[in-house]
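Undergrad: Those protein sequences? They're chains E and G, same order as listed.
Heads up: the first sequence is residues 10 to 274, going by my numbering.
Heads up: the second sequence is residues 1125 to 1695, going by my numbering.
Since the hints were derived computationally from the structure, they do not count as laboratory data.
Keep in mind that the hints are not guaranteed to be accurate.
Covered stretches of chain G (in silico footprint by chain E; criterion: 3 or more residues with CB under 8 Å from a CB of chain E, positions within the stretch not fixed) [as the list claims (entries may be wrong)]:
1) 1136-1149
2) 1327-1337
3) 1510-1524
On the chain E side, residues computed to face chain G include the following (Cβ under 8 Å) [stated by the list, open to error]:
4) Ser23
5) Phe27
6) Arg28
7) Asp30
8) Ile34
9) Lys36
10) Tyr58
11) Glu61
12) Leu63
13) Cys78
14) Ser124
15) Glu139
16) Asp146
17) Glu148
18) Pro153
19) Leu160
Remember, it's a predicted structure, so these values are computed and weren't measured experimentally.
Just so you know, even glycine gets a beta-carbon here, dropped at the ideal spot from N, CA and C.
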Amino acid sequence: MQRTEFEERTENVSVKVFRYDSSSIKKAKFDTFIVPVKKGMTLLESLLYIKERLDPSFTFRYSCRMGICGSCGLVVNGKEKLACKTQMETLGKSIEVRPLNNMPLIRDLVVDFSSFLEKHKKVKPYIIREDVDKNPDREFKQLPEEVNNYLIFADCIKCGLCYSACPTNATDELYLGPQALTQAYRFIADSRDDGQMVRMNIVDTNHGIWNCHFAGSCTDVCPKGVDPAFAIQQLKTLAIRKSGFLKKKRPAAPIDKRREIAEHS
Amino acid sequence: MQMVSHDIVIVGSGLAGLRAAIQASIVGNGKLDIAIVSKLLLMRSHSVAAEGGTAAVLYTDEGDSTELHAFDTIKGSDYLADQDAVERFVRLAPEEILRLEHWGMPWSRRADGRIAQRPFGGHSFPRATFAGDRVGFYEMQTLYGTLMKYQPIHIYEEWYMTDLAVEDGICRGIVAIDMKSGELVGIAAKATIIATGGLGRLYGFTTYSHTVTGDGAAACYRAGVPLKDMEFIQFHPTGLVPSGILLSEAVRGEGGLLLNNKGERFMQKYAPKMMELAPRDIISRSIVKELMEGRGFKDPSGLDYVLLDFSKIPKERIMERLTMMVEIGESFAGINPNEAPLPVRPSAHYSMGGISTDIDAKTMLRGLWAAGEAASVSVHGANRLGSNSTIACLVFGRIAGEGAARYVQGSDQTVSISQALLQREERRIFDEILGKEAGEDPYELKKELWETMDEYVYVFRDEKGLTQALHKIRELKDRARSVRVQDRSRNFNTNLTGTLETLNLIQLAEVVVNAALLRKESRGAHARVDYPTRDDINFLKHSLSYNAVDGPRVEYIPVKITKWQPQERKY
């Protein structure tokens, strides 16, 4: 496979990156690197240039480089992005790269996803129904419009951008966060699922949906167009309906047991 | 040194690994102690990048049959697939589709609510089951979510396997670095399943994630387990230029066309019947021929390409079924395929070869199974059909999980790894590799490897190029002995793990090129310019590469043929 060499025009861009090593006593700092940027170059390619040519100790996560694995989330010029899906030419001549917010730091841009993933697990992100492992020879029917009720929420790649951008996550460590809440709704909205009440009891709590102030930053930063803010609003609606439903469940006194005392007073 | 122990350890968390874990848990009825080790967070595995479909026979009432699926697969494999394995594979496939459906997979549906399927290359019936154009992604999320139901499964996320632990001819687990602590830990297990995926980062121009580095295959090779049919690498016809990112075969399945610089549908010349839906090896060769004969376009990066044209696909269908193609075109080429065609050329995509296993996913080493792209059973032979890989991960992941679970249930012995082995591995990693003061730059080695493979071990090969490649790889192997890891931190040292990955790639490159040199015929994805025809008399056989002192030693074993005699492959 012959590549003819072209003189490609490059432009030097200064990339300031956050540095921190939890195993060393040194404080966090910023390092600045000069990266020659070609047309079409992504932020991930720039970070790889820094690691492979300038400083091999610079640490970040990456894998698919096509916006589907969710590894390379970070904050660039103050906004949550996937490095691989961000073109350098959209970022200007001077760039500041930081790790995602609201997760403990491990090293440089690598943060600890454990509590984020634990919260995702809490909402039971799987089909709940009695016969889920029965009838292996037949399908559960689902009309195309029923798929569309939840499909957009199933696009979540668990990159953590929404969790980093969310102002509630910044102040409430126990808040389930936009990602987990959206996944709760994704399964509730799935016509094959019977777990609505189980999940509503998990999200209809102090650290659940009611702590969402509808800032909308989750939806704003989502690289896959998932719209967590909308999902959370849907959950709130369901919760209100649920509480109404629960009240109705306390039955009125049957008419033939009318108490006599009332007639005398 | 620290050691932990489990009943089963599964290395790799793609479709095969997750499916194996769930199956082992089901078979063990929650009583087996199962661990998954992944160098990534579980759902980051490369399986998420699979796009177009998962093959299975669902509509026998409409004319499909497992017999047809088996024949298509065998013909597609250029008759190198083992036919008994293929027959089992196609029989188990439909159940996997329904299982995933029960577990929450958002399969695209027909108007009546039944599961939809689309045409795919080399299949004589539209049997690629799909969920838009991100099939692998949804399958991964479905298994990842469902795995939570089967807790407790012990998860070692971001643990990098440095080697298998083999003693007395038995696999006793693995040795891995906990990336967060930097500690090397022995993970002992009665049964080990390798599901670490392919080895496509041998190439620079590739559809693969950066992390697909053949760690499992290389570890098995070092342990004396043979690698099968390593000369067969699939090039996907439509890698986006200049990045190599995958554009799904579904584009052509839904009506997309391939055009040269004269605006001709050139597939007419090469596969007049199936056109753009011929198997991938044939289309990739056709594209490269067009490019060699000057009927391509030239990208500023220096790569030449043909066009993937969406204009004959109804717009609504693109917006409903090919949304990620639009996203990829816009994000990585600055082109909306609704408005203009996308530039494509063949991109390294799949390894038909891998750790040699039998039909039960068992390797030749006691206590060791392998599944998914890491393994070669073989059901794909010399060329895999599109949409047959995700289903192979599911079917053989399940078989491996089940086999390992039954094996463990039948033994009450405990298992451990000797301190001597652990200390030897600790010295290799931390003294010999991490401890060096000066030496070769691992990124430079990787770059030279990519250039070599892209140039000489691409769609067309010949003796001269392959010899040159082998020579270069042996030079890289020599230089790699003194590779230097500059980053000395024990905390999340990706300079160290990246170097270990590159060492694995160099080891595997030698195996691939050596086997390619020895196969003096053209079969499936292995096209030799100097031996342009298939030679069933001498080469209707699998190659097995063993690790020997001065490079790979190659043996051959016969192909299992049940009822389909080899014939000429026409599409």
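Undergrad: All hints, please: hold or fail.
TA: Do the hints match the structure? See the list:
Counting residues of the segment 1136-1149 of chain G whose CB lies closer than 8 Å to any CB of chain E gives 0, so the stated coverage by that chain is violated, three being the minimum. With 4 residues carrying a beta carbon less than 8 Å from a beta carbon of chain E, the segment 1327-1337 of chain G meets the three-residue requirement, and the given coverage holds. Residues of the segment 1510-1524 of chain G lying with their CB closer than 8 Å to a CB of chain E number 0, which falls below the three-residue condition for coverage. The criterion of a C-beta within 8 Å of any C-beta in chain G is not met by E:Ser23, whose closest approach is roughly 22 Å, and the hint is violated.
Evaluation of the E:Phe27 hint against chain G yields a violated restraint, the C-beta minimum of about 14 Å exceeding 8 Å. Nearest Cβ of chain G to the Cβ of E:Arg28: about 11 Å, over the 8 Å cut. The hint is violated. Among the interface hints, the one on E:Asp30 holds; its C-beta lies about 6 Å from the nearest C-beta in chain G, closer than the 8 Å criterion. Annotation: E:Ile34 was flagged as interfacial toward chain G, and the flag is violated, the nearest CB pair being 12 Å apart, outside 8 Å.
A hinted interface residue such as E:Lys36 counts as satisfied when its beta carbon comes closer than 8 Å to some beta carbon of chain G; here the least separation is about 15 Å, so the hint is violated. A distance limit of 8 Å between C-beta atoms decides the matter here; for E:Tyr58 the minimum to chain G is near 10 Å, and the interface restraint is violated. For E:Glu61, the shortest C-beta to C-beta distance to chain G is roughly 4 Å, which falls under 8 Å, so the interface hint holds. This hint is violated: E:Leu63 has a C-beta 11 Å from the nearest C-beta of chain G, more than the 8 Å allowed.
Against a cut-off of 8 Å between C-beta atoms, the interface hint on E:Cys78 holds, since the closest Cβ of chain G lies about 5 Å away. Hint status for E:Ser124 relative to chain G: violated, with the closest Cβ pair at about 13 Å, above 8 Å. A distance limit of 8 Å between C-beta atoms decides the matter here; for E:Glu139 the minimum to chain G is near 12 Å, and the interface restraint is violated. Interface restraint check for E:Asp146: the shortest CB-CB distance to chain G comes to about 7 Å, inside 8 Å, so the restraint holds.
Proximity of E:Glu148 to chain G holds as hinted, the smallest CB-CB distance being about 5 Å (cut-off 8 Å). Using the Cβ-Cβ criterion of 8 Å, the hint placing E:Pro153 at the interface with chain G is satisfied: the shortest such distance is roughly 5 Å. The restraint placing E:Leu160 at the interface with chain G holds, with a minimum CB-CB distance near 5 Å, inside the 8 Å limit.
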